[in-house]
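Asks: The chain contents come next:
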Amino acid sequence: MSFLLEHLPALIIVVPLMCAPLCVLFRGKNTPFIIALAATWFALLCACLLAGEVFDKGTIAYHMGGWPPPIGIEYRVDALNVLVLLIVAGIGSVVAPYSRSSLLLEYVQDRAYMFYAAYLLCLTGLMGVAITGDAFNLFVFLEISSLSSYVLIALGFDRRALTASYQYLIMGTIGATFIVIAIGLLYQATGTLNMADLAARIPAHGYDRTIVAAFGFLVVGAALKIALFPLHQWLPNAYAYAPSTVSAFLAATATKVSIYILIRFLFTIFGVKFSFEVLPTGIPLMTMAVLAMFLPSIVACFQNDVKRMLAYSSVAQIGYMILGVSLVSVVGLQAGILHLFNHALMKGSLFLVMGALFYRLGSCHIDALAGAGKRMPWTMAAFVGGGLSLIGVPLTAGFVSKWYLILASLEKGLWVIALLVVASSLLALVYVFRVIESAYFRPAPTDAPAAEAPLSLLVPAWVLVGGNVWFGIDTSIPVELSRRAAVSLMGFGG
Amino acid sequence: MIDFVGLYNYWIVIFLAMAGLYIVIARGNLIKKLVGLNVFQASVFILYISFGKIFGGTAPIIEKGIKVYSNPLPHVLILTAIVVGVATTALGLALVVRIRQAYGTIEEEDIHVQDESM
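From first to last, the protein sequence lines stand for chains G and D. Per the working numbering, residue 1 is the first one in the first sequence, and the count goes up by one each step. Per the working numbering, residue 1 is the first one in the second sequence, and the count goes up by one each step.
Just to be clear, a hint being listed does not mean it is correct.
[Said to hold, decoys possible] If you only want the chain G side, here are some residues facing chain D, beta carbon under 10 Å, derived:
(1) P97
(2) R100
(3) V140
(4) L169
(5) G172
(6) T177
(7) I181
(8) I283
(9) I436
[Unchecked claim] Away from chain D, derived, C-beta distances all over 10 Å, residues of chain G:
(10) L49
(11) G282
(12) I477
[Stated by the list, open to error] Covered by chain G, per the in silico footprint, the following chain D stretches (three or more residues, Cβ under 8 Å):
(13) 43-53
(14) 60-70
(15) 87-97
(16) 102-111
Since the hints were derived computationally from the structure, they do not count as laboratory data. Every residue, glycine too, gets a C-beta built ideally from N, C-alpha and C.
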């Protein structure tokens, strides 16, 4: 048992990675599903154990194959990436059972094993990005997750899913290539790829043009993968036309992991001094974050396809996270990281509810939802729960992170920003209410189906809605983890 | 002038990267976009390979009398990136085949017109 515990950082990656080809080998009727379920739940168990260990003892360093860094690849688990691991593994293990009853499997029919293989590869890639302590390894995992997510998006029922996936492939590859250019330049300047080593050697090397170029490529590349406004064009179509299962998984994890990359490079590798004092990164980031909070929210208010609306809302919510980062303070970073965690819960639950609605109604159009509140009370109640959290109503997770965000802005004396956060939440109120209005206050067409979505779809959605309420009331775990992460990122020890 | 010649590789890298990105942005044909993407990625391959090169260095093989050899690490790294590039291209081409089946065209504008008219 202690042997297993010692190798947890490797197992959390290796087990899902190995299970992906197993899904293809054992392509029976149920076997791929069972393998995927077992692998994702195992990953969640590992993530929880790792979180416990980080909580008690602090950072864990694991040397792959016993090779010490900088020669070997190091896996490094600290408060920041254990939180990201928890998000990815948690959402992954809620979405896996959901996928079985959603219409997706009937659509792909006898190729279901391929879906599960791609799903597990995507999960592995995302967790790998989070856990690795090696810059080039990060790129490889990023590409594993991206390639499999292009496949997953292309599975959508609509033919526009294909063009959306193609668009994402082009933008995503440009982003990832920018990141690899940055890593190459850093290697050329410092002669190392280990993140801890890079962090130590960059100040010694001096901030010359190579480092500045690497910084530029990295920020732009990461912003493309994050879908930071105005580089978000790929996201709305990709999330709107992907199957709901996939939208829920990717919306909750993929952009979050990209934000992790940005935070890791800006704060740990380049260091606060270079990123925000030598180079004026804070102001442009903050400007884009504020624009992202408003413009996509306004666009979201005019969308009639609810999934597309939620996708635009994702772009807006990314603005909050980047705003937290751009404040460059412990509370600001903490707010950004908290919102990363909470947004995964809310967007995950909302997309899962949309999948359940689509199952019964065959459409995600706002008019198709008319009267759904009476006919599918539990399904719509879950939407309301997730929506309230998205708006940031007290006693939901969304409130906690916005509260910290406002605190951080006031701490810096930026009361205008604090007001803007509140104002943009009102926009969220508008678009969430449009859906609620259609579902509860409009009469249903007479031929509409009158049954609740199946339990196998409702339970996962409610688990995430429950998470929204739970982490809105008992905030201790994410707040403490994000505080520790923020303190160590800002370089105050710990 | 010497600087310019010494940085010859890097000028090629910049030219290829810009040309590749330009094709991706300016062309509406989905296959041509993928070609542009490949040119862009190839520029990064050359960038990495140039990092590892040392003037007068040989291949990194331990032999008597060989003191100076190229840094093998960037070359190995870029081998991985080449594999990723191949996978991306393969997936992109597969998507183009499916798009052609669904829309009957691989021109971005025609696809856009069809989507709008729905």
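Asks: All hints are to be evaluated individually against the structure, with a verdict given for each.
Replies: Consistency of the hints with the structure:
1. At about 28 Å, the closest approach between the beta carbon of G/P97 and any beta carbon in chain D exceeds 10 Å, and the interface hint on this residue is violated.
2. For G/R100, the interface hint is violated, since its Cβ never comes within 10 Å of a Cβ in chain D; the closest pair sits about 25 Å apart.
3. Because the smallest distance between the Cβ of G/V140 and any Cβ of chain D comes to about 6 Å, under 10 Å, the interface hint for this residue holds.
4. Interface restraint check: G/L169 against chain D, minimum CB-CB distance 5 Å, threshold 10 Å, status holds.
5. Evaluation of the G/G172 hint against chain D yields a held restraint, the C-beta minimum of about 9 Å falling below 10 Å.
6. For the restraint placing G/T177 at the interface with chain D, the shortest Cβ-Cβ distance is roughly 6 Å, inside the 10 Å limit, so the hint holds.
7. Interface restraint check for G/I181: the shortest CB-CB distance to chain D comes to about 6 Å, inside 10 Å, so the restraint holds.
8. At about 27 Å, the closest approach between the beta carbon of G/I283 and any beta carbon in chain D exceeds 10 Å, and the interface hint on this residue is violated.
9. Among the interface hints, the one on G/I436 is violated; its C-beta lies about 28 Å from the nearest C-beta in chain D, farther than the 10 Å criterion.
10. G/L49, annotated as away from the interface, keeps every beta carbon of chain D farther than 10 Å; the closest lies near 30 Å.
11. Non-interface status of G/G282 relative to chain D is upheld: no Cβ of that chain comes within 10 Å, the nearest being about 28 Å off.
12. The claim that G/I477 lies off the interface holds: its Cβ sits roughly 36 Å from the closest Cβ of chain D, which is beyond the 10 Å cut-off.
13. Under a criterion of three residues with beta carbons nearer than 8 Å to beta carbons of chain G, the stated coverage of the stretch 43-53 of chain D is upheld, 4 such residues being counted.
14. Note: the stretch 60-70 of chain D has 0 residues with beta-carbon separation from chain G under 8 Å; the three-residue rule is not met and the coverage is violated.
15. Restraint check on the stretch 87-97 of chain D versus chain G: 6 residues with Cβ-Cβ distances below 8 Å, three needed, restraint holds.
16. With a cut-off of 8 Å between beta carbons, the stretch 102-111 of chain D has 3 residues touching chain G; three or more are needed, and the interface restraint holds.
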